[in-house]
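*Asks:* Here's the letter readout for the chains.
Protein chains: 2
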Amino acid sequence: MVLVFASPDDDPVAWTHALRKRIPDLEVRVFPELGDPREIDAALVWLPPPGLLASLPALRAVFSLGAGVDRLLADPTLPVEVPICRMVDPSLTRSMAEFALLHVLRYHRDLDVYEAQQQRSEWRLLLPKPAEATVVGIMGLGELGGATARLLLAHGFTVKGWSRHRKAIDGIGCFAGEAELDAFLADLSVLVCLLPLTPETRGILNGDLFARLPEGARLVNLARGGHLVEEDLLAALESGRLAHATLDVFVQEPLPKGHPFWRHPRITITPHAASYSLPESGAETVAENLRRLRDGRPLLHLVDRGRGY
Amino acid sequence: MVLVFASPDDDPVAWTHALRKRIPDLEVRVFPELGDPREIDAALVWLPPPGLLASLPALRAVFSLGAGVDRLLADPTLPVEVPICRMVDPSLTRSMAEFALLHVLRYHRDLDVYEAQQQRSEWRLLLPKPAEATVVGIMGLGELGGATARLLLAHGFTVKGWSRHRKAIDGIGCFAGEAELDAFLADLSVLVCLLPLTPETRGILNGDLFARLPEGARLVNLARGGHLVEEDLLAALESGRLAHATLDVFVQEPLPKGHPFWRHPRITITPHAASYSLPESGAETVAENLRRLRDGRPLLHLVDRGRGY
Numbered sequence: 146m147v148l149v150f151a152s153p154d155d156d157p158v159a160w161t162h163a164l165r166k167r168i169p170d171l172e173v174r175v176f177p178e179l180g181d182p183r184e185i186d187a188a189l190v191w192l193p194p195p196g197l198l199a200s201l202p203a204l205r206a207v208f209s210l211g212a213g214v215d216r217l218l219a220d221p222t223l224p225v226e227v228p229i230c231r232m233v234d235p236s237l238t239r240s241m242a243e244f245a246l247l248h249v250l251r252y253h254r255d256l257d258v259y260e261a262q263q264q265r266s267e268w269r270l271l272l273p274k275p276a277e278a279t280v281v282g283i284m285g286l287g288e289l290g291g292a293t294a295r296l297l298l299a300h301g302f303t304v305k306g307w308s309r310h311r312k313a314i315d316g317i318g319c320f321a322g323e324a325e326l327d328a329f330l331a332d333l334s335v336l337v338c339l340l341p342l343t344p345e346t347r348g349i350l351n352g353d354l355f356a357r358l359p360e361g362a363r364l365v366n367l368a369r370g371g372h373l374v375e376e377d378l379l380a381a382l383e384s385g386r387l388a389h390a391t392l393d394v395f396v397q398e399p400l401p402k403g404h405p406f407w408r409h410p411r412i413t414i415t416p417h418a419a420s421y422s423l424p425e426s427g428a429e430t431v432a433e434n435l436r437r438l439r440d441g442r443p444l445l446h447l448v449d450r451g452r453g454y
Numbered sequence: 146m147v148l149v150f151a152s153p154d155d156d157p158v159a160w161t162h163a164l165r166k167r168i169p170d171l172e173v174r175v176f177p178e179l180g181d182p183r184e185i186d187a188a189l190v191w192l193p194p195p196g197l198l199a200s201l202p203a204l205r206a207v208f209s210l211g212a213g214v215d216r217l218l219a220d221p222t223l224p225v226e227v228p229i230c231r232m233v234d235p236s237l238t239r240s241m242a243e244f245a246l247l248h249v250l251r252y253h254r255d256l257d258v259y260e261a262q263q264q265r266s267e268w269r270l271l272l273p274k275p276a277e278a279t280v281v282g283i284m285g286l287g288e289l290g291g292a293t294a295r296l297l298l299a300h301g302f303t304v305k306g307w308s309r310h311r312k313a314i315d316g317i318g319c320f321a322g323e324a325e326l327d328a329f330l331a332d333l334s335v336l337v338c339l340l341p342l343t344p345e346t347r348g349i350l351n352g353d354l355f356a357r358l359p360e361g362a363r364l365v366n367l368a369r370g371g372h373l374v375e376e377d378l379l380a381a382l383e384s385g386r387l388a389h390a391t392l393d394v395f396v397q398e399p400l401p402k403g404h405p406f407w408r409h410p411r412i413t414i415t416p417h418a419a420s421y422s423l424p425e426s427g428a429e430t431v432a433e434n435l436r437r438l439r440d441g442r443p444l445l446h447l448v449d450r451g452r453g454y
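In the order they appear, the protein sequences are chains W and G.
Under our numbering, the first residue of the first sequence is numbered 146, with each subsequent residue one higher.
Under our numbering, the first residue of the second sequence is numbered 146, with each subsequent residue one higher.
Honestly, the hints are just simulated from the structure, not real lab data.
Keep in mind it's a predicted model, so treat the numbers as computed, not measured.
No incorrect hints appear here.
One copy or two, it doesn't matter: identical chains are merged, so the pair holds either way.
Listed next, the in silico EDC-like pairs over lysine to aspartate or glutamate satisfying Cα-Cα at most 20 Å (straight line):
no., residue 1, residue 2
1, K274, E429
2, K274, D154
3, K402, E375
4, K166, E425
5, K166, D440
Start from the sequences and build out the full structure, keeping to the hints where you can.
*Replies:* Written out as C-alpha cells, the structure reads:
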C-alpha cells in the first residue's frame, strides 16, 4: 500500500511515524515527492493543491486531515468516484470542545465586559451567575458539536442544540430544521457554530438569524468563515443585538491585514486555532481505514457528497 | 436570636429572606439600623465599619460573608473573645473553581498571545497542546484551592498543590512548606494563588518566587492583593520571567485610576469578581451555625486567630 501525504499545516514526519507504527509495510510519500503516481492507493490531505488528487490514476480513497471537507469538495478536479473519509480523532474532538468551553466560560464570566472596562480603567463588578443561568446554543450536533454539548452540560450550563436532522442527546434540548430555529434561538446567551459548511449552511449566520437572538447575545464561530455574513455581524454588533463575537475561522485565511475585524473592539480573533488532529490519535482512524481498504471492507466516516459532509 | 447584617456588597433583603426561611424566629437587623445593641447575639458581615463589632456587648459569634477573614482580623477593635466563622458556601466554591478554570484554559489555549497578536493584525497559529501538557500549580489547598485543584484535574490538566501543612488530594502532587517550594514551582505553566492572607503569606508572590518559575510562566491571583509585591510583578513581566498575569484582587480596591496595572498590555484585571456567596446556598452554613449557637453546640468553620485563617 502506498499513501501520499499533502498538507501545509501538518507534520509529515510525525504522521508517517504514527501510521507506520500501525501498518509497518505502508509506504508514505510526502508531496511533492510522488514517485510513480500509478502506485498511489490513497491520499491523506489538508488543503491539497488543486489537481493533485486528479493526477493519481489508481487512487482508491481520500482521507481528510481535518474534520471539515468543504474545501476538498470545492476542488472541481476532485475525482467523482473516489470515496472521501473525514477525520475523526479523539484529540481533535477534545480540543474543539475545550476551545468552545473556554469561550463560553469567558462570556459566562463577562470577561469581554471586564476587558472593555480595563481599557477605561473602570472598576465595576458584575455578580457571578450560576452556570445553569447561561443558555448555550450549539448549531451542529455531529462529532464535534455533540462532544461540545456534552462537555458544556457537564460543566453545568443549560445547553440546546440545533441540527438539520433531529439528534437526541441526554440532557440537551435538541431542535431541528428551519421550523424550530426560532425556538432554538429565542433565549440563548451564547451561540456556538459547529456546522459543516454546505450550500444549505453557507451564510446561515446572518442578520435575519441574529434578529431572532436575545438582545446582547454572544457569538462563537468555530466552524467555517463561509457560515458568517461578515457585514451582518458588524451591523449586529453596532446595533447591540450581539454584544461580542469570537471568530476562529474566516472566508479568507489568514485574515487579510486591514480587515475591519482585526481592530473591532468587540470581536476576538483566533487564527483557526480551535483544533487540530494529532498524529498519535488521528493515525488510528486513518490506519483502520487503510486496513479496510486493503481488505475490501467498508470504509468508516465516509463523506456523503450529496449533503456535503 | 438577633443577627446584625453589615456589608457594602451583599443584598440584605435576599440574605434576610434566606436566613428566616431556615430560622423563622430569627430577627435580622440591617446596619446601620441596630436597635438596642445589647440584644444582638451574632453578626453576619463583609468589611464591617471598624468598631461596629466592638460596640455589641452581647455578641457571641461573627460570621464572615467572604471566605477570607484577613480584613476582619485586621480590625484592631475586633473583640478578642468572640469566635469568628468563615463562609463555606458550595456556590462560592464552585464559582471560584470555575473562574480559575477559565483563566487556566485561557493560558493553556494561548488566548493572551492571540489577543496581543490581534492588536498587531498578526495571524500566527500555536498548535494546541493536550491538557496534560499544561502544569498548573495551586498555592493554598483549603476549601477553595482543593475544589479548584479537583476541577482542573477533572479537565485533564496536570495539577500540583502547595500548602503550609501537607494535604493529600488524589491525583495531585502535593507539596508543603518552604522546603518544597522550589520543587513545586520548577515546572509550572500557570501558578494560581488561593492562599489565605496571613503574616506568613503576605508578599509571597515576589521576585524571589517568580525567579524559581520557568521562563514564560503565567500568574493568576484570586486570593488577596496583599499576597503580591506589585513592583516585583512589573519587573518579572518586563524581564519575560512571567509572560502574563491575571489579577482579581488588589492591595487597594477599587484599583486606583492611574495605577500602572490598568494599562499594562500583559495584565488582565477583573474587579474582585471571582466569587461571591449567594444567599440561597450560603445561608445554609450561617443558619446551621446559628442553631449551634442557640443550642450551645460547637460552631463550624471556626477561624484560628493564631494562624490567621
